[in-house]
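Engineer: Using the sequences plus the hints, can you model the full thing?
Here is how the chains run, residue by residue.
Protein chains: 2
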Amino acid sequence: MSNTLYIASDHAGFALKAELIEFAQAQDLGTHSAERCDYPDFANALAERVLKENARGILICGSGIGMSIAANRHKGIRAALCTSGLEAELARKHNDANVLCLGARLIGIDTAKECVQRFLNTAFEGGRHAERVEKLE
Amino acid sequence: MSNTLYIASDHAGFALKAELIEFAQAQDLGTHSAERCDYPDFANALAERVLKENARGILICGSGIGMSIAANRHKGIRAALCTSGLEAELARKHNDANVLCLGARLIGIDTAKECVQRFLNTAFEGGRHAERVEKLE
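Protein chains in written order, with this note's numbering: chain V, 1 to 137; chain A, 1 to 137.
Hints should not be assumed to be uniformly reliable.
Remember, identical chains collapse to one label, so a pair may be satisfied in a single copy or spanning two.
[Claimed, not checked] When the alpha-carbon atoms are kept at most 27 angstroms apart in a straight line, the in silico DSS-like pairs for lysine-lysine are as follows: (1) Lys113 x Lys135; (2) Lys52 x Lys75; (3) Lys75 x Lys135; (4) Lys135 x Lys52; (5) Lys113 x Lys52.
Read the hints as simulated data drawn from the structure, not as lab findings.
Structural biologist: This is the structure:
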């Protein structure tokens, strides 16, 4: 896995994305304003970059649900919608998640930051979890 | 959408599934014991039934993350990992979710029941959300 981290959001996630970019040292793939847009466009763009570069990503919409559906449509993307640091850690340990999804209207900034930190700093456990991850594709 | 509701889990979700079957009036697609198994097998089986019958489903594993990744691999499945009733309601209103994912090790029984209830009893809002849902496929 490369160390590159991408971040993208729709309009509902725009403000939280702005708050997380520097903290996460992430490269911004838009949206670039609070104007209405469609989450699948941004999920697809980020998923393609993550797959091409074996990178990681963060996707933000109002609830995180739309982004997690759209991202997981892509073979090789394992997108985890997290509402707590524990979930972000489990997503890495057990599911080898390469995309973290957050719901901007539902999560506080400090919890969002904890999710990012534990997503970035937790290793995949492998073993029996690796067999299950292989079965996903 | 038909009124049929399916439910499935891995070993980690087995006990919560047992508690929810009657409450949700759901048809059980396994697993049928607490013996170790692989969540993608059960996510795939449920996804196929939901798609074939235009039904709805509930998927449960330890965190809900593995199930949500596996289910969303299927075109036409919109699986929402929920930790609160509000998320379940938003998943229906905005994403027309047809599968609810729950994390048995992270959610309490009353919150799980509230998620089921609001997942089953909330209508899709359509409108601009319908355009986005179309873009998922």
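Engineer: Each hint should be assessed against the structure and marked as holding or not.
Structural biologist: Going down the list of hints, with the structure as the test:
no. : hint            : in the structure
1   : Lys113 x Lys135 : neither (31 angstroms within a copy, 30 angstroms between copies)
2   : Lys52 x Lys75   : both (12 angstroms within a copy, 22 angstroms between copies)
3   : Lys75 x Lys135  : both (11 angstroms within a copy, 17 angstroms between copies)
4   : Lys135 x Lys52  : both (21 angstroms within a copy, 22 angstroms between copies)
5   : Lys113 x Lys52  : within (26 angstroms within a copy, 40 angstroms between copies)
In this structure, the one hint that does not hold is number 1.
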